[in-house]
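Using the supplied hints, reconstruct the complex from the two chains, each of which is provided in its own coordinate frame.
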Amino acid sequence: MNSRSSLYIATLVVFAVSLSFLPASAAGKLEDMAAHALNCGVSSESVEQIRGLSSAGASEDAAVAVLSPLLNACVDQLPVSPLEIRLSEGVTKRVPLPAISVALEKQLASFRLAREILLTTTGSLNESALEVVGNGVGKGVVRSDFEAFATEFGKQPVEVFLTGLTMVSLQGQIDYDYALTQRILEKGIQAETLSPDWQYFVRVVLAARKHGIEDRIIADAAVDVLDKGEPVSSVLPELGFTDRDLAGGISK
Amino acid sequence: MSDRNEDRLLDAEIIKNVRRMPEESVPFDFSNKVMAGLEPKTPSVWLRLKLWLTGPMSLTFTPLQTIPALACLIALVMLGAMQMGGSVLDEGVRLTTVQFSLSDTNKAARTVSVIGSFNDWKTEQSTMWYDDKHGKWILEAKLPPGDHEYMFLVDEAKLVSDPQAAMTRDDGFGNKNSILFVNGDHEQPI
Numbered sequence: 016m017n018s019r020s021s022l023y024i025a026t027l028v029v030f031a032v033s034l035s036f037l038p039a040s041a042a043g044k045l046e047d048m049a050a051h052a053l054n055c056g057v058s059s060e061s062v063e064q065i066r067g068l069s070s071a072g073a074s075e076d077a078a079v080a081v082l083s084p085l086l087n088a089c090v091d092q093l094p095v096s097p098l099e100i101r102l103s104e105g106v107t108k109r110v111p112l113p114a115i116s117v118a119l120e121k122q123l124a125s126f127r128l129a130r131e132i133l134l135t136t137t138g139s140l141n142e143s144a145l146e147v148v149g150n151g152v153g154k155g156v157v158r159s160d161f162e163a164f165a166t167e168f169g170k171q172p173v174e175v176f177l178t179g180l181t182m183v184s185l186q187g188q189i190d191y192d193y194a195l196t197q198r199i200l201e202k203g204i205q206a207e208t209l210s211p212d213w214q215y216f217v218r219v220v221l222a223a224r225k226h227g228i229e230d231r232i233i234a235d236a237a238v239d240v241l242d243k244g245e246p247v248s249s250v251l252p253e254l255g256f257t258d259r260d261l262a263g264g265i266s267k
Numbered sequence: 003m004s005d006r007n008e009d010r011l012l013d014a015e016i017i018k019n020v021r022r023m024p025e026e027s028v029p030f031d032f033s034n035k036v037m038a039g040l041e042p043k044t045p046s047v048w049l050r051l052k053l054w055l056t057g058p059m060s061l062t063f064t065p066l067q068t069i070p071a072l073a074c075l076i077a078l079v080m081l082g083a084m085q086m087g088g089s090v091l092d093e094g095v096r097l098t099t100v101q102f103s104l105s106d107t108n109k110a111a112r113t114v115s116v117i118g119s120f121n122d123w124k125t126e127q128s129t130m131w132y133d134d135k136h137g138k139w140i141l142e143a144k145l146p147p148g149d150h151e152y153m154f155l156v157d158e159a160k161l162v163s164d165p166q167a168a169m170t171r172d173d174g175f176g177n178k179n180s181i182l183f184v185n186g187d188h189e190q191p192i
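Quick note, the sequences are listed as chains A and B, same order.
Residue 117 in my numbering sits at position 102 of the first sequence, with consecutive numbering throughout.
Residue 5 in my numbering sits at position 3 of the second sequence, with consecutive numbering throughout.
Don't read these hints as lab results, they were simulated from the structure.
Backbone N, C-alpha and C fix where the C-beta goes; we use that ideal spot for every residue, glycine too.
Heads up, a few of these hints could be off.
Reference listing, derived: stretches of chain A covered by chain B, where coverage requires no fewer than 3 residues with Cβ under 8 angstroms from a Cβ of chain B [what the hints assert, rightly or not]:
(1) 43-55
(2) 194-208
(3) 212-223
Computed Cβ-Cβ distance ranges for the label pairs, DEER-style [unchecked claim]:
(4) A:Lys154 <-> B:Lys160: 47 to 53 angstroms
(5) B:Asn108 <-> A:Gly138: 30 to 36 angstroms
(6) B:Ala71 <-> A:Ala206: 54 to 60 angstroms
(7) A:Ser58 <-> B:Pro70: 40 to 46 angstroms
(8) A:Leu53 <-> B:Gln127: 56 to 62 angstroms
(9) A:Val157 <-> B:Ile76: 34 to 40 angstroms
(10) A:Glu120 <-> B:Thr99: 54 to 60 angstroms
(11) B:Asn108 <-> A:Glu207: 49 to 55 angstroms
(12) A:Asp76 <-> B:Thr107: 31 to 37 angstroms
(13) A:Gln205 <-> B:Gln166: 32 to 38 angstroms
(14) B:Gln166 <-> A:Ala50: 28 to 34 angstroms
Okay, chain B solo, but in the shape it has when bound (with noise of 0.2 angstroms):
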């Protein structure tokens, strides 16, 4: 207790003295040459990193600059769902990639068409393509799970079951369509 009292004591007469001294104006250029005396002090990485992420900044572009930058991102989405491959969700069903396949090893087709329950028998967007390599026509779908009837559709007249199917079901118009079943994330292994 009597140390506190007399640091207070010293330190009134500190100020007291100091108030006494005679007062003199600052030097010319002092402040300058006592910056110029101090070592420059370069901030840290993370110091300017964090600076640079919180300080506010702004961009100026034109509408043409954004153009290719738009082309990208739908690049990326675009190449993002077809990446998902075989399991896309379309409005809740598990769609599943599948191949069809129809041999013709001479290529005697002109145009070979996909036509089943799964597209309304319709012929638009199910024309098949020729796999050269392997001589014959090839289609991949997306197809939600279900037993799928179809059937080839060739030179848009002849109509052709799949030698492949693993289940054919007499169409009522003299003819048997294929049988194809999806369950789910797959084409029903056996």
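Same shape as in the complex, but just chain A (with noise of 0.2 angstroms):
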């Protein structure tokens, strides 16, 4: 073997070592992740999603992206299914790709902040109260009012808990002043009269503000209410309100 061989065979087995360190092609990231993220538990049908998207002549690039979150959230064991729904969402809107993907990145550093918050506060994880916390931050409620609320009500059972949670995120999402919520919650879990249907007290004040109704003193009756141990129905009312349907009779 003469000089020239042996240049050609160094050159090749370099070039072929050179090759595997290579990162790998986006078409193989993609299935190399596909199989990860079905291993760990994200839903076959997302995944399948995804790949459809990426056959469909979207680029592996942007495929991956799409599909990294959903992976990441499952290995740390945060709520998958919001980021699925999420991504269905999007797709069925034919939102581009890049825009999904920093839709999910946002969702899932909502429920990293989430885990947090409760983890900074009442010690513990309960997957509804994590869902809850980060879709309210996701949607812009401040973390102030969530740490706030925990820490003043982390002891509470967890079906009180879930519906205060459920209240600061509605409310905050409106930017009812969580002050006032404080107040509302004080008084109900006082009187021991807060029951599940408050959660949704926030259609009460939107119903109320429609009318110019003060949010201090939509609070005052909710406050009052509580204390009678009365549903959360009869707020309008003490408010002034008749009892016929406000939504116009159109059910939804």
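See the structure below:
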């Protein structure tokens, strides 16, 4: 073997070795990630949906970027189902994949923040609570509201805790001052009259606001109703509304 | 005590005399004559019913004859499930019947579907039907408790928020999702 042949062989060996260090192709990456996602517990329907997008012309990298937050949520033992539903929403609404990816990463970050909030305030994790707080912070509710609530009411029974947490989330989404929500919750918990139907008290707030009633007056009425042990449907009559259907008789 | 002894003696005397009597053969057709002399006795309705209920009986039928009976049975079961209406227990979750409607007096749309978090934003089985009388698109659905996000999908392309919704939320994709609150047995009343 002359020196030139040796040089060729050496070059080929170096080339082959360097190839093995190159990142896997995007298609390979997607398949690898899909396998990991399925093993972890991401639904086959979601994985197939992403594979379908890829084979329908979306770039492999874009598909990987969409699958990645699903896999990460699963690995971190955070709720995956809300992200899967979000993926379907984006696909049905024909949202470009990069935008879906951004939305999923944002939702994943919200769940991570929710986990941190719950663990640092109550010391425990409840999946339903995690979803409520995760969805809430994702929709703009400030973390200090959840922290204040969880610190004050973290020792309450689960049902009461979840009812209150949902109220903090939904009322926070319409910028109802947490101090008012806190007053309502304190009365309901002290009087032991905060039943689960109070979690959608936000509807009362929205209906009353439409008629120009101030948030503080709505809170006063809620506190009175809770003090009397009456249901949430008594708040509007307390505010002077009649019993007629304010939704215009249309059920949705 | 003495009366009893006298009775026993009398019984013994009668038995003795009977045994001493000469034997004669039974007249011909004696049994039939005796039976003919008795009045026929009809059992009461209750006795006949009891006999019918407790007596063994057998039914014979062909496989073909069972088809109508099975069809009736299935129809009854389905009817029963439908009669349960708005409160159906499905794997422990209480479902509530809610109605979506979108006004369209001139029937400008060709098709309208309700897509939302409750059906994974899928258009399958969420197509609304047009109510000519009221000029609106209608769909009834059974939903679990929760705050559900949804939109109307018009002509499979245009996304429309529900103008009747109590609350809307930015979907992060440039649209407003409508919010529906379902609380146990009913849509949350206010």
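Out of the numbered hints, which ones does the structure contradict?
Checked against the structure, the hints that fail are numbers 1, 2, 4, 5, 8, 9, 10, 12, 14, while the rest are satisfied.
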